[in-house]
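**Q** Keeping the supplied structure of chain E fixed, place chains V, B and W upon it in accordance with the hints.
The listed protein sequences correspond, in order, to chains E, V, B and W.
Going by the working numbering, the residue at position 244 of the first sequence is 244; the numbering climbs one at a time, nothing skipped.
Going by the working numbering, the residue at position 108 of the second sequence is 108; the numbering climbs one at a time, nothing skipped.
Going by the working numbering, the residue at position 344 of the third sequence is 344; the numbering climbs one at a time, nothing skipped.
Going by the working numbering, the residue at position 345 of the fourth sequence is 345; the numbering climbs one at a time, nothing skipped.
Certain hints may be false.
Same chains, same names: a pair is fine if it fits in one copy or spans any two.
Stated by the list, open to error - Keeping only pairs whose Cα atoms sit at most 35 Å apart, straight-line, the calculated DSBU-like set for lysine-lysine is:
no., residue 1, residue 2
1, Lys133, Lys156
2, Lys133, Lys326
3, Lys356, Lys133
4, Lys356, Lys298
5, Lys263, Lys298
6, Lys77, Lys133
7, Lys77, Lys356
8, Lys133, Lys298
9, Lys356, Lys189
10, Lys156, Lys189
11, Lys164, Lys77
12, Lys77, Lys263
13, Lys189, Lys133
14, Lys77, Lys189
15, Lys356, Lys156
16, Lys164, Lys133
17, Lys156, Lys77
18, Lys156, Lys263
For the record, the hints were derived by calculation from the structure and aren't laboratory data.
Protein chains: 4
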Amino acid sequence: MTVFGESHGPGVAAVVDGCPAGLELSADDINEELSRRMPPDPNVTSARRERDEVQILSGVFEGYTTGAPVAMLTLNKDVKSQDYDKLNSIARPGHADYPTRIKYGGFNDLRGGGRASGRMTAPIVMAGAIAKKLLNSIGVQVFAHTVQIHEIRLNKQLSHEAIKQNAYGNSVRCSDPETAERMRAEILKARDEGDSLGGIVECIAEGVPPGVGEPFFDSLDADLAKIAFSIPAVKGFEVGLGFQASAVMGSVNNDSYAVRDGKILTLTNNAGGILGGLSNGMPIVVRVGFKPPSSIPKEQRTVNLREMRDTTVQVTGRHDPCIVPKAVPVVEAAVAIVLADHCLRSGSLPRLLGRKNS
Amino acid sequence: MTVFGESHGPGVAAVVDGCPAGLELSADDINEELSRRMPPDPNVTSARRERDEVQILSGVFEGYTTGAPVAMLTLNKDVKSQDYDKLNSIARPGHADYPTRIKYGGFNDLRGGGRASGRMTAPIVMAGAIAKKLLNSIGVQVFAHTVQIHEIRLNKQLSHEAIKQNAYGNSVRCSDPETAERMRAEILKARDEGDSLGGIVECIAEGVPPGVGEPFFDSLDADLAKIAFSIPAVKGFEVGLGFQASAVMGSVNNDSYAVRDGKILTLTNNAGGILGGLSNGMPIVVRVGFKPPSSIPKEQRTVNLREMRDTTVQVTGRHDPCIVPKAVPVVEAAVAIVLADHCLRSGSLPRLLGRKNS
Amino acid sequence: MTVFGESHGPGVAAVVDGCPAGLELSADDINEELSRRMPPDPNVTSARRERDEVQILSGVFEGYTTGAPVAMLTLNKDVKSQDYDKLNSIARPGHADYPTRIKYGGFNDLRGGGRASGRMTAPIVMAGAIAKKLLNSIGVQVFAHTVQIHEIRLNKQLSHEAIKQNAYGNSVRCSDPETAERMRAEILKARDEGDSLGGIVECIAEGVPPGVGEPFFDSLDADLAKIAFSIPAVKGFEVGLGFQASAVMGSVNNDSYAVRDGKILTLTNNAGGILGGLSNGMPIVVRVGFKPPSSIPKEQRTVNLREMRDTTVQVTGRHDPCIVPKAVPVVEAAVAIVLADHCLRSGSLPRLLGRKNS
Amino acid sequence: MTVFGESHGPGVAAVVDGCPAGLELSADDINEELSRRMPPDPNVTSARRERDEVQILSGVFEGYTTGAPVAMLTLNKDVKSQDYDKLNSIARPGHADYPTRIKYGGFNDLRGGGRASGRMTAPIVMAGAIAKKLLNSIGVQVFAHTVQIHEIRLNKQLSHEAIKQNAYGNSVRCSDPETAERMRAEILKARDEGDSLGGIVECIAEGVPPGVGEPFFDSLDADLAKIAFSIPAVKGFEVGLGFQASAVMGSVNNDSYAVRDGKILTLTNNAGGILGGLSNGMPIVVRVGFKPPSSIPKEQRTVNLREMRDTTVQVTGRHDPCIVPKAVPVVEAAVAIVLADHCLRSGSLPRLLGRKNS
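Chain E extracted, bound-state conformation (with noise of 0.2 Å):
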């Protein structure tokens, strides 16, 4: 997968290389994830008003793709001009441009955060569309909702049905309304602060067949990692029981074989469905941390790079107090992306989709 794209620039896409021959799909399909993106709440976060509209430039013909790489492209609109002379000058705190300027020699594109931009998470999500129809085709599902906010954490135990039915059904993207309720009054709170908040967003895969992965370098794990930091503002991520799982005991920790029906299962999870970097065929479950939004009203000490003296900003424009609910959708795509990749690895998803009547 390639992407390309800056926040300001003509538009952002994803290239898609290796999608099977075969599947179905249309530009409404990676709209209709793209639009799982979008705000579900003005209040919540502040959003590019228009509807995305993707383009598919190749890799499509008669409805089908065709085995060649698959490009989607995105114009961007709704593109507000910025005071770049200011961008130049002052490093925005917990912003990737002063490091970005030092490595492009201040070529890099400053309009909107650039490559590091929220925006190019579209991508991530165009690609994802079509992972998910490839991974639904061998009966894998993979679904995300927001776990944590600020401090505010989600407390219960819920089914993954009760997951997959209320995690888009409200503003913040989590599963039990109530906590939700919460989550959205700390989110407002922060808003009329002028500050931000983080949070963390936990993502499950139901139905991948055991033996999924490529050790020692390209485990399943470690792509997942490495995808999860990929996505901006992440400063953590772990498997099953995680960090915790450094405080419990072996004995507790370790998930217990036994055979039900038939097939052969575990009766707890706190590996997330990987062993040996290899899915075991139990859900995988991992949790993706995010830090606040850098972009707050609130003034911040900072440097002026050009007059090399300390001064103070306040980054002004459109800001989201919380980026977790947007990055619900985007967690899904990212860990579908890898999915279906190491499941075209194993053979467990054909290279081949059928055979055209024709």
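**A** Just chains V, B and W now, kept in the frame of chain E:
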């Protein structure tokens, strides 16, 4: 980098391609790093008794790297035979043997955990020894220590100097002697109970220049996360504040820039030295969470794979009650490998280290 | 580099990742190279009538590359509908449609040759335009010319200056006007017979510094060979004397070194500038052999794939009697792409071209 | 595949990653292929006297591949010391030592040609032995023979059976005994003159299913071309008619399809089994051109690199007057490696060869 070998095969090896020519390198350099993996205290970690002796098979001529791949081989000694038949039929809880068996049709090497064995961390340390020497040549230092064993956390704020000096001074590789003692007691208690413990290793890299990393998909944090999950038993990875960043306000999490002595730095380092996938010039700080070892003498419920029925198992033989102390140099090596690779990619590390006088 | 698109889809595109920041680049730079593919003489090469117009979708900001991927898109114009049904059932001799149909289960884009179309050389030229500009910045010049059409060979020894000046001065891109005229006559004759001709393109790169290339498996000649065979219709590739080197004695083939004006050079260049997979500082010389286009009006024996019986076919529509003249800039571009990539890898080309004044 | 080692270092090795589990494999399988590299006639090819003995270091358990990387090591025997000082100061014409010295700052291993040595073809043959066994399991056979030595060409049309049976029956590996005798005489004459000869090897692969290959950039012919140029001394590569296809009309070059016994085939095979980068089901036919060995006893003009002045050199020691006979199994191996890799990628070769009874 390529690694190969199995726990109970002829040996384990690493092949490092792309190593610049002109680095002074001897087998002793590698052996020294390998010896840091050796158990500092036989009560805390069980281990092969004989010291590993690496052979450099290629890529070094007259004491310097040639630019060709550096292949390093360590023969396995002290290999005990095992009850294969049992391994064939019983899935050990928490082990990779069940999904491995599925993936490789039962042809996988069963002995000693095969490829999923902790033995496979030796090649990481071998390759890391080269990476560390390369990084040292441009003033980068990588060091790690144990910050948590089970529920015992290192709660003191220690200087980098203190960590560097004290981490290897005790059997658990915790930089604070008092905490180390409590950690050690916890491990001995678990051992006596036939159980095992996990923990967390923190790794710091000082001196990485700003602008290192290759967004979008080969960002510095993404590659660090990926290699971390290539280490057996890892279940969590975080950068800087990590998951804690999900619970603080943006105004707190953002690191303010300041000019000090003509140089730009940040007054805090919640970002852990990485912004937008690029190093920002501050120390890089990551934490890696390990689950407790899955091989425990305690009786556990599991399945007989041949007879497809529930049974129990007690895993016998040489086992560690806690692998975290041995993982400290492995995490250092893994982080060093990624940093050396990215410093080469960004040009911070030259592809040729001088010219030979001849 | 990634390319996507199909002959009769929305467009064709190239995405160049890893392009250094700070290269001055405009759509006109790309269009100029694209226009060199255009038919210099409608009697010799048939072609789309409208000029290609590239859009730069990403990676350029305020006239300079940013270090992000440069995506270039050219929309397809002048696309005529075709008799799909016939394409579906008849395997055209010499065409890729039979194995493509097998590989992609019939889902492949049938229109205009799809991905195997000569149209797919446009993205190579787009990417090559960037590569050439990068190489020019370090004094490397890449130029090609036609040295054979069917049995008409360029038999004169021409200076590099003569080749550079004359190659694009006639309709067959042969540097010698007299030979060019004979080549042209040969093409017109074949066209009148409803047949087609092949030929050979020679490409020269001056100014490549010695030591560029990555043996063992990414040697300079290996990568040049690989990209040459990525151009449709190529059946042969050779470096320096090439296959002729197989028929001369070692004492003749070896290029003697000499010191001239304090610099080391070779007195002959039978090696074509490459020894042991590395550039040796002499001009790089390669030759690429093209088969005659497979689409010809002449009746040919073939198979009806649906009915599985022998039949005949006459391929109609817009066809070139010889694609060699149009391939000249494609070969230049392909060679430039490999050289730019290897100059970047070896450090001969910096990853950052200056710093922006801002 | 990774290869490492140097001509005069401890040994040479190949590591094959991605080999399916369940292939029966022993050191003898590899040794047998390695022995085919051995000089069939000490008058024709000089060579190390001792037989190579490979050790399998990983990836094989109880006689079958495990799915883990297969590492194969052959220790170097019969290594003679050399006059390093001379190697340091004199650039041997036709050798890689001058550009290598530039690239690696003089740190490269000078002994016996180092990495550019013909010794490095041993790892290709080791890896090729595995590839051939994998291909045999799906009915693909790869075989090569010498078709030209200097100006002596094999002019007879031989059946594939004749080539398979006769190629290894004489000292030059030419399938026609009469031509072989003339080739041998030519080599002995060159040897007596202190000179050397090149030649051409043809390689054929029968049984490759149609549709194998990954256009655009990993097409089958592109990858074959790339690996061919990874073999030392190769200067030309062609598929099917190759460069000769540039001189015939399209109506002659196009291979007509026909239905025979319910199967589709072509009546000629000018394409050499590859169309549009994909196999078409016909035998794959490639030719690889080798230059004469550059190490010759004859006096040659060259340069003293330290003193930067013209001088002469006579290269002494163990040298081959012609390496083409030894290259025949190397070309076979190289072709087999690419075909096995592509058959795996296209799914023609399964990732798991059965299930173990245990």
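**Q** If a hint holds in the structure, say so; if it doesn't, say that too.
**A** Outcome of the hint check:
1. Taking the shortest alpha-carbon separations for Lys133 and Lys156, only the intra-copy value of 30 Å comes in at or below 35 Å, while the best inter-copy value is 49 Å.
2. In this assembly of identical chains, the alpha carbons of Lys133 and Lys326 lie at most 35 Å apart only when taken from the same copy (21 Å versus 41 Å across copies).
3. In this homomeric assembly, Lys356 and Lys133 come within 35 Å of each other (Cα to Cα) both inside a single copy, at 18 Å, and across copies, at 34 Å.
4. Taking CA atoms no more than 35 Å apart as the test, Lys356 paired with Lys298 passes between copies only; the shortest distance there is 30 Å, against 59 Å inside one copy.
5. Only between protomers do Lys263 and Lys298 lie at most 35 Å apart by alpha-carbon distance; the minimum there is 25 Å, versus 56 Å within a single protomer.
6. Taking the shortest alpha-carbon separations for Lys77 and Lys133, both the intra-copy value of 27 Å and the inter-copy value of 32 Å come in at or below 35 Å.
7. Proximity of Lys77 and Lys356 under a CA criterion of 35 Å is satisfied inter-copy only: 28 Å between copies versus 38 Å inside one chain copy.
8. For the identical chains of this complex, Lys133 and Lys298 are neighbours neither inside a copy (42 Å) nor across copies (44 Å), given an alpha-carbon limit of 35 Å.
9. For the homomeric pair Lys356 and Lys189, neither the shortest alpha-carbon distance inside one copy (56 Å) nor that between copies (41 Å) is at most 35 Å.
10. Both within a single protomer and between protomers do Lys156 and Lys189 lie at most 35 Å apart by alpha-carbon distance, with minima of 24 Å and 33 Å respectively.
11. In this assembly of identical chains, Lys164 and Lys77 lie within 35 Å of each other by CA distance solely inside one copy; the values are 31 Å within and 45 Å between copies.
12. Within a single copy, Lys77 and Lys263 get their C-alpha atoms no closer than 51 Å, and across copies no closer than 39 Å, so neither meets the 35 Å cut-off.
13. With identical chains, the CA atoms of Lys189 and Lys133 are never at most 35 Å apart, being 38 Å at best within one copy and 50 Å at best between copies.
14. For the homomeric pair Lys77 and Lys189, the shortest alpha-carbon distance inside one copy (30 Å) is at most 35 Å, but the shortest distance between copies (54 Å) is not.
15. Taking the closest pair of Cα atoms, Lys356 and Lys156 never come within 35 Å of each other, the shortest separation being 48 Å inside a single copy and 45 Å across copies.
16. Proximity of Lys164 and Lys133 under a CA criterion of 35 Å is satisfied intra-copy only: 16 Å inside one chain copy versus 48 Å between copies.
17. Neither within a single protomer nor between protomers do Lys156 and Lys77 lie at most 35 Å apart by alpha-carbon distance, with minima of 40 Å and 51 Å respectively.
18. In this assembly of identical chains, the alpha carbons of Lys156 and Lys263 lie at most 35 Å apart only when taken from the same copy (29 Å versus 49 Å across copies).
Of the numbered hints stated above, those contradicted by the structure are hints 8, 9, 12, 13, 15 and 17, listed in ascending order.
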